[in-house]
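A.B. asks: Chain by chain, the residues run as shown.
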Amino acid sequence: MSVKKRATPKKSVSFSDDETITRSRPSSDRKHSVSRDSPPIYVKKTIRTAPLHLLGLLYYYLKLSDNFDAVTLLYLLVPFQIAYLSLQFNKSTVYGHKILRLRTSLVPICLGATLALTIPCLLIIILLGAPIAMLLKETWILAAHCCLLGFPAVYSIFNCNFKVGNFKKYFIAIAVGCWISCVVIPLDWDRSWQEWPTPLVVGAYLGAFVGYSIGPYL
Amino acid sequence: MYKLVVLLVAQIFAILTFSAGFFPQKSVSKGDAWFTYRPDIHEQIEPRFGKLILVVVDALRSDYLFNAEMSQFSFVHELLNKGHAWGYTTYANPPTVTLPRLKGITTGSTPNFLDAILNVAGDDSSSSLKDQDSWLRQFHTHHKKINFFGDDTWLKLFPEEYFGEIDGTNSFFVSDFEEVDLNVTRHLPRQLASQASWDVLILHYLGLDHIGHKGGAFSSFMPPKHREMDSVIQQIYEAVDEDTLLCVMGDHGMNDMGNHGGSSAGETAAGLVLISKMLGKFEKPARQKNVELPLKVKSDDYKYLTSINQIDLVPTIATVFNFPIPKDSIGVVIPDILQLFSPQEARVKLLDNYYQLTGSTDKRNEAYENIFPVIEEMRSIQNDLAKVATDYNYYLLGVGLLVLVAVTSVVLIECVKHSTSYFELLPTFATTFLLSLSTFGSSFVEEEHQLWWWGSIALAASSYIKVPREILCHVLILSGLRLIRGWNNSGQKYVYEYTMSELLKCHHQWLWVLNTITIFSTQLSGQSEHLVTQMTALFVSSLSLVYKAAWSITNGEPVPFWLQKICFQTLGSGGDDPVEQIKQNLVPTARLLFFAVFVLILIEIARQRISSRGDSRFFARIHSLTTAIMILQTSSTNIPQYLIFGFIAAAIETLWSKYYGTSIFLLMNVGLVLQHLTFFQFGSTNSIATVDLTNAYNGVSENYNIHIVGLLMCLANFAPSIYWSLACLRALYAKKRASSKWETFGRSRLPALLFYCIFGCFLLASCVIQRYHLFIWSVFSPKLCYYVSWNLFMNAIISWSFESVLVALY
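Protein chains in written order, with the UniProt record's numbering: chain A, 1 to 218; chain B, 1 to 810.
FYI, nobody ran anything at the bench for these hints, they're computed from the structure. One or more hints might be untrue.
[Claimed, not checked] One-sided and incomplete, this derived list gives chain B residues near chain A with beta-carbon spacing under 8 angstroms:
#	residue
1	Ser443
2	Phe444
3	Trp454
Idealized CB from N, CA, C, for every residue including glycine.
Take the sequences, apply the hints, and build the full model.
C.D. replies: The following block contains the structure:
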């Protein structure tokens, strides 16, 4: 059972007081009553943010892949998430009234950060009930999936000066997806997809799909 | 407040009415059976045996008799290989506890679920087989003399006039492995020397079952017990002649934990061996040919040699002793035994069984050529008959369900009326409906602990999202809960090897260090700084630690040296054998502890009445004193959990009073979740098999009172839940409130009442809808029993009665 990743918001709380950026752009974009310290950050309400590739990947995972191969899925997820970020998500993210260009140098940094986040994420998943002494590799793969699914949000947090508030919901969506999917674990159907961590991976994908699709409206 | 009491009473009335309709007494046919097919021929058939010796070894699982790895029955193996014994694996119909199984073994009928409860409840005349036909009754009416030695359940079941000499032993002293069996065996030499004086000898040994309950199926006490039983069989075999049938059997099996009651493969697979020198003249059963006992191959479903139904023993005994098959029997005669008769006689016997089973006189099978198709047909009839559920009393079911629905709607209105906002009702409703819906799925009932865990992490996580700045508190709560979750296995599906309790069992030094810290800290922290109270707290905790350690020593569990020394010096001095001395001192020590805590509670109450009325620390002190009792009623590997409870409770209390506006509904909902979560993480499940009896005899002497044992059993099984119930009460009155104490109390009872009501509606409906479900007796009925006991014990007795007394004194 797992929810995940509120480690990210935590970590960056200290940064959110950093006013250097906001001060460096004095009042150029203060047209309406936004507090000086917080330029508006939001994701546009558009159908464009729907991460359809996640459904495709899920179809591959459940129907095509050999015995729910989560590792291959992980490799496939990386390019798709980068493409999603550059083509869809980043183009809908508004920071201080404009859409920032994708900073290609930041992408590998964020990927690295995502990778690093898998460890706290793993710990959180264990804290929320995953087995410790066995299936640790599977749990880590699940953590990697969860973190990579959060990758667009991680990038945006990096790109928007670690303002976490608006992007927290994406992590929560993934976590809730995982959490709900746990329901199938106790069922006595003895299907192979009930094995750890398959239902949670599926739950995370669905959670991420819902989160990225309707996130801007929340 | 009075309205709520009325609601509670009505709710309990509803579920008891429903239970009375759901677990009805089975209608039994009275009177004696007679041969159903050609009685004239039967009367001329000679009985094949003159004497029967039935040796029931409680919980003798099939692999204990037949598997090379487990079995130490070397003499039985020798007989099996020689052909003087025929071995079978018998399917014991659940509930696999002694009383229903004995009914099955003697009457051949399928058990009634209520019997499983009566097995625990003890002296109840309603389970008597006085009027029901059984092979004992048949022996009795044929003027045979029956001598009985062993488990006194038999004496509860059958009227005394059936028996000649009797000596009953008690099945409830689970920690006694030897004496209980020696009390049976000591009669053997005299009985075997005077064989002319009896026709049937029944021996029922309990030691093996006790070892299972204490130490599991692989206990180190098992092999010596096997050898002891084996030597008993040898002793009997060597003393009797060809005319005697010796039947050795288990009444049920056990799972690897040593428990039984459920329907898993291990619990239902009991061993059976028919032994007689005469059997050597006939062919061995097909599956026993060409194999060498003990069997080297391990069978995962415990099916060794020929598999039959346990109740098949009944027509088999009836057949070989040539008397009518008992009326309610749905057994099928063991085909191998028909060899003992001439073909014509065998045919008559088989058809008699066939007609008795079908209840018809249809002659179409009369001209059979081979017995096997007939046997096959009888087996399928037997299966159908076994499936037919007992008659439900639909009138009572309807009344119970309707009253409960009515009560539930009133409680629902009350809840909405008494809550300050819908927000505080939300978690209660979420928990309630989540659990309620789960009652329709058998696997969710079996794995209920997962749902509670699922709910509790959701509560913790959502609380964190609400108050992100209290990260430490939330991490503390979650880590504590995670540790508790990893403490024991619960449910039926997954078994993890590396649970905390297993780890602590292997590292007993750590276990006892933790236990010592837990016992002392729970006592000392709750008390005031006053020197006298500190001293009494110290006294209570030392006594409790010494008792738990002494208990472990007498049960052969490893205890660190330093603690052993303390035990020997305090309890073990004075006698020649310190362990024996400790054993004798256990009961007085436990009594002293109960007495001390009771007196301390009284003193606390008196102090509260005289001087500091309204002192909020009153509940804290009572809580820590009752925790002493709870710890006494907890098995040693679970004790450190109370230490974690302490941290979690403190963290929750802080969060609740700081951020949640002291909302009563929220607190009580958290309490409800924790009560259930910890109940399951102490190792309990929704199966009768995991009812913990080991702590039900603390401070109880040989001539025990069933009510006290019942109370102690409830305390032992609900210990962590009682802890949390009182912890919530303590938090509730920690600060002065605007409302009166009774108003607070009334409101605080609502969430749990709402939960039990709604959950009850769904569970009862689920039981009615699925009354013909395959798992109705193995999953849903036990759940209903647990639900009733949660209601009666946890809700009515602890949460309402006990706590209201405390509040009244406050």
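A.B. asks: Please go over all the hints and tell whether each is borne out by the structure.
C.D. replies: Status of each hint after checking the structure:
Satisfaction of the interface hint for B:Ser443 is found here, the shortest Cβ-Cβ separation to chain A being roughly 4 angstroms, below the 8 angstroms cut-off. Given hint, B:Phe444 at the interface with chain A, holds; its Cβ is 6 angstroms from that chain's nearest Cβ, closer than 8 angstroms. Proximity of B:Trp454 to chain A holds as hinted, the smallest CB-CB distance being about 6 angstroms (cut-off 8 angstroms).
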